[in-house]
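Novice: Protein chains in written order, with my numbering: chain A, 1 to 635; chain B, 1 to 384.
Rather than coming from a laboratory, the hints here were simulated on the basis of the structure.
Worth double-checking, as some hints may not be accurate.
Said to hold, decoys possible - List time: in silico DSSO-like cross-link candidates among lysine-lysine, alpha-carbon distance up to 30 Å:
#	chain 1	residue 1	chain 2	residue 2
1	A	LYS106	B	LYS117
2	B	LYS201	B	LYS161
3	A	LYS602	A	LYS488
4	B	LYS265	B	LYS226
5	A	LYS216	A	LYS400
6	A	LYS106	A	LYS202
7	A	LYS374	A	LYS479
8	B	LYS265	B	LYS175
9	A	LYS603	A	LYS202
10	A	LYS374	A	LYS427
11	B	LYS265	A	LYS246
12	A	LYS106	B	LYS175
13	A	LYS494	A	LYS506
14	A	LYS211	A	LYS106
15	A	LYS133	B	LYS226
16	B	LYS117	B	LYS65
17	A	LYS106	A	LYS133
18	A	LYS70	B	LYS175
19	A	LYS30	B	LYS201
20	A	LYS400	A	LYS374
21	A	LYS252	A	LYS597
22	A	LYS106	A	LYS308
23	B	LYS117	A	LYS70
24	A	LYS247	B	LYS117
25	A	LYS506	A	LYS603
26	A	LYS202	A	LYS487
27	A	LYS30	B	LYS265
28	B	LYS265	A	LYS106
Every value quoted in this text rests on a predicted model; they were computed, and no experiment measured them.
Take a look at the letters that make up each chain.
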Amino acid sequence: MTLPPVDSNREHQLSDKPPLRDDTRFAAGKIAVFQYVTVIIFLFLISGFWRLQVQNPEFYGERAQQNSIKSMPIPGPRGRILDRDGRVIVDNHSSFSLLLARESAKDEHLRPIAQGLDLDYGDLLARVQRVRKQPKYVTVTIKDELSPADLAFVDSHHDFFPELVLIQTPRRLYPQNGTLAHVIGYTGEISEQELDAPEFAKYNQGDVVGKFGIEKQYNDTLMGVDGQRQVVVDNRGTVRRTLAIKKAVEGKDLQLTIDLDVQTVAELAMGAKNGSVVALDPRSGEVLAMVSRPTFDPNKFAVRIKTKDWREIADNPEHPMLNRAIQAELAPGSTFKPIVALAGLETGTIDDKWTTRCSGGVALYGRYQRCWEKRGHGTQSLHGGIVHSCDVYFYTLGAKLGIDNLAFYGDLAGFGQITGIDLPHEKSGLMPSEKWKLRTQRTKWYAGETPSVAIGQGALTVTPLQLARAIGGLAVGGKWYQPHMVKKALDQVKVAEWALHPEYVKDVVSGMYGVVNEGGTGVRAALPNLDVCGKTGTAQLASNDYLKASGAGKDMQDNAWFVGFAPRDNPEIVVVALFEHGAHGQFAAAIVRDVIKAHFDKKNRLTQWQQDQTRTVAALGLGLPGGAAAVAPPH
Amino acid sequence: MRLWGWACREALQPWRHPTKHMTKYLSPRDIDWTVLLIVLLICGVGVLQIYSATRGTDSPSAWWKQIIYVAGGLFLMWLLMAIDYHSILHYVPVLYIGSVAALVLTYAIGETGYGSKRWIPMGFGVHLQVSEFVKLVIILLVARYLTELRTDELEIREMLKLAGLVLVPTVLVMKQPDLGTSLTYLAVLVAGAFLAGLRWKYVAAIAIITVVVLPISWQFLNEYQKGRIVSFMDPERDPQGKGYQLIQSQIAVGSGGMFGKGVTKGTQTQLRFLPVSYKDFIFSAFAEEHGFVGVTILLSLYFVLVMRIVQNAHTAPDRVGMYLCMGVAALLLFHILVNVGMVAGLMPVTGIPLPFMSFGGSSIWTFFLALGLVNNVRLRRFVN
Numbered sequence: 001m002t003l004p005p006v007d008s009n010r011e012h013q014l015s016d017k018p019p020l021r022d023d024t025r026f027a028a029g030k031i032a033v034f035q036y037v038t039v040i041i042f043l044f045l046i047s048g049f050w051r052l053q054v055q056n057p058e059f060y061g062e063r064a065q066q067n068s069i070k071s072m073p074i075p076g077p078r079g080r081i082l083d084r085d086g087r088v089i090v091d092n093h094s095s096f097s098l099l100l101a102r103e104s105a106k107d108e109h110l111r112p113i114a115q116g117l118d119l120d121y122g123d124l125l126a127r128v129q130r131v132r133k134q135p136k137y138v139t140v141t142i143k144d145e146l147s148p149a150d151l152a153f154v155d156s157h158h159d160f161f162p163e164l165v166l167i168q169t170p171r172r173l174y175p176q177n178g179t180l181a182h183v184i185g186y187t188g189e190i191s192e193q194e195l196d197a198p199e200f201a202k203y204n205q206g207d208v209v210g211k212f213g214i215e216k217q218y219n220d221t222l223m224g225v226d227g228q229r230q231v232v233v234d235n236r237g238t239v240r241r242t243l244a245i246k247k248a249v250e251g252k253d254l255q256l257t258i259d260l261d262v263q264t265v266a267e268l269a270m271g272a273k274n275g276s277v278v279a280l281d282p283r284s285g286e287v288l289a290m291v292s293r294p295t296f297d298p299n300k301f302a303v304r305i306k307t308k309d310w311r312e313i314a315d316n317p318e319h320p321m322l323n324r325a326i327q328a329e330l331a332p333g334s335t336f337k338p339i340v341a342l343a344g345l346e347t348g349t350i351d352d353k354w355t356t357r358c359s360g361g362v363a364l365y366g367r368y369q370r371c372w373e374k375r376g377h378g379t380q381s382l383h384g385g386i387v388h389s390c391d392v393y394f395y396t397l398g399a400k401l402g403i404d405n406l407a408f409y410g411d412l413a414g415f416g417q418i419t420g421i422d423l424p425h426e427k428s429g430l431m432p433s434e435k436w437k438l439r440t441q442r443t444k445w446y447a448g449e450t451p452s453v454a455i456g457q458g459a460l461t462v463t464p465l466q467l468a469r470a471i472g473g474l475a476v477g478g479k480w481y482q483p484h485m486v487k488k489a490l491d492q493v494k495v496a497e498w499a500l501h502p503e504y505v506k507d508v509v510s511g512m513y514g515v516v517n518e519g520g521t522g523v524r525a526a527l528p529n530l531d532v533c534g535k536t537g538t539a540q541l542a543s544n545d546y547l548k549a550s551g552a553g554k555d556m557q558d559n560a561w562f563v564g565f566a567p568r569d570n571p572e573i574v575v576v577a578l579f580e581h582g583a584h585g586q587f588a589a590a591i592v593r594d595v596i597k598a599h600f601d602k603k604n605r606l607t608q609w610q611q612d613q614t615r616t617v618a619a620l621g622l623g624l625p626g627g628a629a630a631v632a633p634p635h
Numbered sequence: 001m002r003l004w005g006w007a008c009r010e011a012l013q014p015w016r017h018p019t020k021h022m023t024k025y026l027s028p029r030d031i032d033w034t035v036l037l038i039v040l041l042i043c044g045v046g047v048l049q050i051y052s053a054t055r056g057t058d059s060p061s062a063w064w065k066q067i068i069y070v071a072g073g074l075f076l077m078w079l080l081m082a083i084d085y086h087s088i089l090h091y092v093p094v095l096y097i098g099s100v101a102a103l104v105l106t107y108a109i110g111e112t113g114y115g116s117k118r119w120i121p122m123g124f125g126v127h128l129q130v131s132e133f134v135k136l137v138i139i140l141l142v143a144r145y146l147t148e149l150r151t152d153e154l155e156i157r158e159m160l161k162l163a164g165l166v167l168v169p170t171v172l173v174m175k176q177p178d179l180g181t182s183l184t185y186l187a188v189l190v191a192g193a194f195l196a197g198l199r200w201k202y203v204a205a206i207a208i209i210t211v212v213v214l215p216i217s218w219q220f221l222n223e224y225q226k227g228r229i230v231s232f233m234d235p236e237r238d239p240q241g242k243g244y245q246l247i248q249s250q251i252a253v254g255s256g257g258m259f260g261k262g263v264t265k266g267t268q269t270q271l272r273f274l275p276v277s278y279k280d281f282i283f284s285a286f287a288e289e290h291g292f293v294g295v296t297i298l299l300s301l302y303f304v305l306v307m308r309i310v311q312n313a314h315t316a317p318d319r320v321g322m323y324l325c326m327g328v329a330a331l332l333l334f335h336i337l338v339n340v341g342m343v344a345g346l347m348p349v350t351g352i353p354l355p356f357m358s359f360g361g362s363s364i365w366t367f368f369l370a371l372g373l374v375n376n377v378r379l380r381r382f383v384n
């Protein structure tokens, strides 16, 4: 092969081309320029490293640390909630949450993921869209409390959906069927608004705090302090090394005054009825049971509630989130009458011999007021007035007393003011008075309004808890203990005292005994071998005339109340039952009876068990070993 | 020892060729030992850094392979030194057509990696990156073309012809897409044109045309190429996405500080925050573990390397030799500027390797062959 001459230095004479100028000197200047450029480029590069490594090493060093050193929270579990006997009501359990790592997430994956995990696709999409603007490393929690089926789905689809990440978190486990839901409340992730509030300043974003009920009230006690683990991670988030550990501090357990046995019976007794049951120990103010219906499932709130579930609860016209025991402000009806009777005796307006005649109604202040018994009760003294709940007797008594005296004793019993129970959002009810009317309506009190207040109607409203406290305090002779949910020593419980005349108290209590045991309105509350005292209440929601005119149905039916306590002397338990639209107080009486029975049954069982123990020990002639004393009695 | 000396001499003797005119025995003494020493030092640092960066990953044997690549590179350099560069230049048309064909072949059957089609599978798990070797062909092409003009001033017509020739492979590589490598071809072209005496008015004209054409060419860039340029301007715009490499590299470099974190102690490198820390971003890993002092020393080595090659251009026996040496010098300088500049955040991210350090057979061999060309010229500098 012949090739064209390239290096034709010696042949250029033969060529017709111009002579090849093959000196290399011609480019010397340009090569020098190239060398200068080289120097400049290297200086330029060095300057870049100077800026990064010599001028700002701390800045970049810090960012390198931020890259690789991560603080992982070690959750400090919330304290448990126990009943008065130490039985667990609310516990934690370890559960799995599913995160979506958005770096590797694909939009078209969302639909099969939603299907596989039984999630609402719209919900999921909305949740992912919400963080669209945020950086990719921000993860989205797509499901909490994974079921075994969900776990299996995630496990088997690991290759298809690498964006799914499982994490383990402790979760609250609440009683089923909404038992104690209003008392205990629920927890949830702290919200943006809460973070701005000063009382939440100590919490961080993402903290799970109490939102309602005891969980909210005692959040500081229950909440643990999260620990921290400082780890070195690589670019995929895999932990390579642990640098330091700060231990988590567990939250403290909280012992309630609630008695699960009594509570359970109260829940069952309420059944599907709307209303509330409150059981107090009048000797200490301890709340033994508190029920509100309708209820909700706090487990649905455990950390994040589904939109659908939330709508279901929030849009329910019966307001399941309302704790009726402390938030329902309703006319007490005749359950108010014992207070009126006491006021009559205490003020000396009447004595127990004073009578009125009931002919089915009475004309007072130019208005004819009807008794619930259209045929009339005949001549009634204080005892009969209470036993038969004679309205005419109390209309007349109320008129004699005047609103000032009624308001004074109502105040004394705690109406129109919050009891101060350790639950959030308690309502105060209303005890009408001259002052109140002047203040709110800018008119003077008309004497004609007094009789209806005296039978627990008119502007008077109370909460079930207030009523239980009021009657309980009366029954123990004038000591109104502040109701409370968490156990504390008796001398630390606030108490309002008023030296009631023991004779007068006895008169009223005897009337209430008659209600249950002498053929009064509350015979349904009677129990064998136990002196149950009580008072029914049938509170109108609207005047009878209005009801007739409008023909309204169940929604406007009277509320049924019953307040009962037992035993007659030195009462141990006072129970209020409110049965919304229950038509008559006697229907609430049955609920109260069940609750009182549960309390005394348990007490008898315990006594029996203790006696058996003593007998066994005596028979064997042995002392029980120390450990056996701790054996829990059967419940 | 004598046998070794003889073998070296014999090994360098030109192959039999009809146009052989040199009678002088080539001596291994004339090899540029300074350049070779510096290059081997850089290669050693590279192997060490590859070892450090791939510890505990799925390619822990990379440093071993790199040593084999370097040994192979030395052998290739030796081979190329033995052939008179004038003879090689005869084959430029063949090489050029072959290169274009190979690039088209890559486009047709190439394997995809890092989002572009660059490699031709050769069997046995070996993949050849053709575009690397084409760099040498471009150097040869420019050298021969400019020499044959036989003028001291480059006319614009000739310039455009040459540019047309270079643009064909450039466009093919750009289409892979591999902007960085294709730009290296243009760097060689620009350096050659500058040395050949392109008039300043043409330089100005080209500059103006470039300014006009740039916005238009923006349209032809790929989405990821646009993203790289945008993220170079403002890396914090998408720190987890397009700006990630740039930011992580700067963090690695900056956190190295004055003396570095020590071999195998760089958190950015060891914990994989640094992308491809044994290939394109090897300098970043080095800067993290050896600090500003290490960087200065290593950059000094590169500086001496480039300057020595320019020196060889000075002493070249003829123009074509000068062009060859300067082509290699320009190629090296461009690689260093773009790669090291990218690492320090001074240049946008373009995936081109750091000569003699980045892991990869094609790149290592290309630069050793380029070194072979330089030594080839140097060996024959006393030809007349």
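Novice: Please go over all the hints and tell whether each is borne out by the structure.
Specialist: Structure-based check of each hint:
Using a Cα cut-off of 30 Å, the hinted pair A/LYS106 and B/LYS117 holds, with the two alpha carbons roughly 25 Å apart. Using a Cα cut-off of 30 Å, the hinted pair B/LYS201 and B/LYS161 holds, with the two alpha carbons roughly 18 Å apart. For the given pair, A/LYS602 sits about 22 Å from A/LYS488 by alpha-carbon distance, which is consistent with the 30 Å threshold. Pair hint B/LYS265 plus B/LYS226 does not hold up; C-alpha atoms about 34 Å apart against a cutoff of 30 Å.
Of the supplied pair hints, the one linking A/LYS216 and A/LYS400 is violated, its CA atoms being roughly 46 Å apart against a limit of 30 Å. Between the alpha carbons of A/LYS106 and A/LYS202 the distance comes to roughly 37 Å, so the proposed pair goes past 30 Å and is violated. For the proposed pair A/LYS374 and A/LYS479, the alpha carbon gap of about 37 Å is over 30 Å, so the pair is violated. For the hint linking B/LYS265 to B/LYS175, the alpha-carbon distance of about 39 Å lies beyond 30 Å, and the restraint is violated.
Taken as a hint, the A/LYS603 and A/LYS202 pair is broken in the structure, with Cα atoms around 44 Å apart against an allowance of 30 Å. Proximity of A/LYS374 to A/LYS427 is assessed by CA-CA distance (about 35 Å); at most 30 Å being required, the pair is judged violated. Taking the CA atoms of B/LYS265 and A/LYS246, the gap is near 26 Å; set against the 30 Å cutoff, the hint holds. Proposed proximity of A/LYS106 and B/LYS175 is supported: the alpha carbons are some 28 Å apart, at most 30 Å.
For the given pair, A/LYS494 sits about 25 Å from A/LYS506 by alpha-carbon distance, which is consistent with the 30 Å threshold. Proposed proximity of A/LYS211 and A/LYS106 is contradicted: the alpha carbons are some 35 Å apart, above 30 Å. Annotation: proposed proximity of A/LYS133 to B/LYS226 holds, straight-line Cα distance about 22 Å (limit 30 Å). Pair hint B/LYS117 plus B/LYS65 holds up; C-alpha atoms about 23 Å apart against a cutoff of 30 Å.
For the hint pairing A/LYS106 with A/LYS133, the CA-to-CA distance comes to about 16 Å; that is within 30 Å, so the pair holds. The hinted pair formed by A/LYS70 and B/LYS175 fails the criterion: a straight-line CA distance of about 42 Å is larger than 30 Å. In summary, the hint linking A/LYS30 to B/LYS201 is supported, as the alpha carbons are separated by about 16 Å, within the 30 Å threshold. In summary, the hint linking A/LYS400 to A/LYS374 is supported, as the alpha carbons are separated by about 23 Å, within the 30 Å threshold.
Straight-line distance between C-alpha atoms of A/LYS252 and A/LYS597 comes to about 33 Å, which puts the hinted pair past the 30 Å bound. Distance hint between A/LYS106 and A/LYS308 is fulfilled; the C-alpha atoms sit about 25 Å from each other, no more than 30 Å. Between B/LYS117 and A/LYS70 the alpha-carbon distance is near 38 Å, which puts this suggested pair outside the 30 Å criterion. Of the pairs offered as hints, the one joining A/LYS247 and B/LYS117 is violated, with about 52 Å between alpha carbons and a cut-off of 30 Å exceeded.
Annotation: proposed proximity of A/LYS506 to A/LYS603 holds, straight-line Cα distance about 25 Å (limit 30 Å). Proximity of A/LYS202 to A/LYS487 is assessed by CA-CA distance (about 26 Å); at most 30 Å being required, the pair is judged to hold. The straight-line distance between the Cα atoms of A/LYS30 and B/LYS265 is roughly 44 Å, outside the 30 Å bound, and the hint therefore fails. For the given pair, B/LYS265 sits about 36 Å from A/LYS106 by alpha-carbon distance, which is inconsistent with the 30 Å threshold.
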